[in-house]
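One-letter residues, chain by chain:
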Amino acid sequence: MRSLFVVLTAVAVIALAFWAYRENYETQAAQSEAQGIQNDIAGARQRLRVLNAEWAYLNRPQRLRDLADLNFEKLGLLPLRPEQFGKIDQVTFPPVELNGHLPITNPVDVSNMEQQP
Amino acid sequence: MIRTPLRPLARILQARAKGENPDAIERENLRLRHEEQRDRARKRAESRLLVLGVFFFAAFAVIGGRMGVLANTEPSEPRASVAGADILAQRADIVDRKGRILATNFETHSLYAQPQQMIEPVKTAKALVRIFPDLKEERLLKDFTGKRKFLWIKKKISPEQLQSVHEIGEPGLLFGPREMRLYPNGNLAAHVMGGASFGREGVHAAEVIGVAGIEKFYDERLRDPAKGHEPLQLSLDLSIQTAIERVLYGGMKIMNAKGAAAVLLDVHTGEVISIASLPDFDPNNRPRPPTKGNPSDSPLFNRSVQGVYELGSTFKIFAAAQAIDLQLVNQNTVIDTSPPLKVGGRKIGEFKNKNYGVLTVADIIIQSSNRGTGRMALKIGPKRQKEFLKSMGFFEATGLEIVEAKGGAPLLPKRWTDLSTVTISYGHGLSSSPLHLAAGYATIANGGTRIRPTLLKRDKPQYGERVMSEQTAKTAQSMLRKVVTEGTASMGDVPGYAVAGKTGTADKPKERGGGYHKDKTITTFASMFPAHKPQYVLVVTFDEPVETSGKKPRRTAGWTAVPVAAEIIRRVAPLLGLRPQIEPPVLSGITLTSN
Chain A
1 MRSLFVVLTA VAVIALAFWA YRENYETQAA QSEAQGIQND IAGARQRLRV
51 LNAEWAYLNR PQRLRDLADL NFEKLGLLPL RPEQFGKIDQ VTFPPVELNG
101 HLPITNPVDV SNMEQQP
Chain B
118 MIRTPLRPLA RILQARAKGE NPDAIERENL RLRHEEQRDR ARKRAESRLL
168 VLGVFFFAAF AVIGGRMGVL ANTEPSEPRA SVAGADILAQ RADIVDRKGR
218 ILATNFETHS LYAQPQQMIE PVKTAKALVR IFPDLKEERL LKDFTGKRKF
268 LWIKKKISPE QLQSVHEIGE PGLLFGPREM RLYPNGNLAA HVMGGASFGR
318 EGVHAAEVIG VAGIEKFYDE RLRDPAKGHE PLQLSLDLSI QTAIERVLYG
368 GMKIMNAKGA AAVLLDVHTG EVISIASLPD FDPNNRPRPP TKGNPSDSPL
418 FNRSVQGVYE LGSTFKIFAA AQAIDLQLVN QNTVIDTSPP LKVGGRKIGE
468 FKNKNYGVLT VADIIIQSSN RGTGRMALKI GPKRQKEFLK SMGFFEATGL
518 EIVEAKGGAP LLPKRWTDLS TVTISYGHGL SSSPLHLAAG YATIANGGTR
568 IRPTLLKRDK PQYGERVMSE QTAKTAQSML RKVVTEGTAS MGDVPGYAVA
618 GKTGTADKPK ERGGGYHKDK TITTFASMFP AHKPQYVLVV TFDEPVETSG
668 KKPRRTAGWT AVPVAAEIIR RVAPLLGLRP QIEPPVLSGI TLTSN
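Respectively, the protein sequence lines represent chains A and B.
Position 113 (the first sequence) corresponds to 113 in the numbering used here; numbering is contiguous.
Position 424 (the second sequence) corresponds to 541 in the numbering used here; numbering is contiguous.
Honestly, the hints are just simulated from the structure, not real lab data.
Take the hints with a grain of salt, since some may be wrong.
[What the hints assert, rightly or not] In silico DSSO-like pairs for lysine-lysine, Cα to Cα no more than 30 Å straight-line: (1) B:K271 with B:K240; (2) B:K469 with A:K87; (3) B:K253 with B:K264; (4) A:K87 with B:K650; (5) B:K469 with B:K333; (6) B:K637 with B:K591; (7) B:K668 with B:K650; (8) A:K87 with B:K599; (9) B:K240 with B:K272; (10) B:K469 with B:K668; (11) A:K87 with B:K333; (12) B:K333 with B:K375.
[Stated by the list, open to error] According to the in silico footprint, chain A covers these stretches of chain B (three or more CB under 8 Å from chain A): (13) 220-231; (14) 461-470; (15) 691-700.
Don't be surprised by glycine CBs; every beta carbon is placed ideally from N, CA and C.
Only chain A is shown next, with the shape it has when bound in the complex (with noise of 0.2 Å):
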């Protein structure tokens, strides 16, 4: 009895040992990878800065003036005029199909509930 409980006891430090190092490995492992994920995400970002400050180098004001007045003759782009700004009330409304029938101009209520139940 007592023997077979020293074995037991030796046989689980065996077996924790080896899954302590097991978990050692896999957390290195997966520390590194994480690392390389951080940078990878350091380098996007910064990517993205680049990317950001290029853009917004490129839509400078100044030059999207200029390219306007480059490009006038195909595109005619001017600057907002309180005069472009339009209301609802000046839109027509759109032709009314006829489909052969007269328009009714005159219409007159007509009740129909003698004819329900």
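Following the hints, complete the assembly by docking chain B onto the known chain A.
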């Protein structure tokens, strides 16, 4: 365990036979047993103590060993932390109110040399001068062949330049990474941005520090690593700023002015939507401050914040508003503006020595009569006038979030006499910046509460202290509207946007004192729109403008600042999302009185 009996029969019988007391044997045996028990207990206790001692020793040894290890290890960055992922930029971005970038960082390289590692210094110096024409070949050669072990050649170089320096193939030329501040929009809002430069420098990194403007004001906030990924959002609007700077620049050229400034302010939140000062500079390449001449002529000088000028008749509305607020007059009170008006031994004159005769208060503002406002100011008195102007912020710097704002404290008269009261009522004798004026007009425009201009985006109104009643503010607005429809600012009308405002033309004081220039003026137009429900205040100021389309050169605000301000409103109001509206008609026959 076999217990020895306390009274062994053999010995008892023996003792009895000898006539001894058998109890002595029992006591003797009991004593022996007790001694044996005591020895055993002591032994056990000793062994326990030993185990405990070993245990304590081990524990302390572990702690001590760990401390020693910690004390001797090299510090290393945590490898698996999530928090670190955001912090990469040294300095936070600055964006406008819609999130468009105004300032950001850019990776670049610096170029330095270690001459003792150089192989062909002569050839290298020649090649470097070919790449960077601003370097001097003799100077480089002297440095490369002399005793120096280290020298900076360029603080910032572009990728193309980096490549061409690489192609020289000289091992003594080395590159260090540099993060530099980039203002992608160039001159836009240059005075707000200010600029940045390098602080402490090493080969592998350099500090980027703000040197002026908002970069310096918020230097700590921008460099704070905990907020490195959070951009600083300003109240400026990039496209509106562009439009205003463009129109203002055109206006400055047409009016032959030395300089110009414009401020656009939201009257409820106090946000500065746009603030411009011309001439300007490129914050990417900030010029050095001038060592001689007048510092206010330098492009670095921010006219809208640092420039304190006597802003002329634009101040008249404050005197009128205060007189109405104190119920000394109403807008139809008749005041005699004919000469003479003598205060403190000085005669008060009018523009071109006109005589307007008898005018109502509204007409005094519309015609811009100095004597009329002077008489109102005398009724108000110096003490109350002082308090009123103080409550609108005319006694202190504006507190705008750029370092230069501290230099824009108004110039006040040393002694506030009756004469000062009269001259200040028409804008002479008190110098303030265009931004002060904009804040004062915002008070009128928002219904009478104090406004403190800010460059940071806000999302709710300021609700400052009340300076004047809402009714007074409304009356002042309607008078200002009439200045545009019938008075001196007739060119300022923009159909659909009901501009209200007041012109101001002030002669420039001579630099060395002793009176005013005859042919140099500061012209200002302070306006608000739309007049029936003001939302924005625009102040346009020109320095020494001359309008030359007529027979005589014209230097008044009505001919210079007003048309430019009108064009700015025409361009900017649609961008602000304001639709042109038909002005609601003034109710006729009903006069609002408060008695």
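Which numbered hints fail: 2, 5, 6, 7, 11, 14
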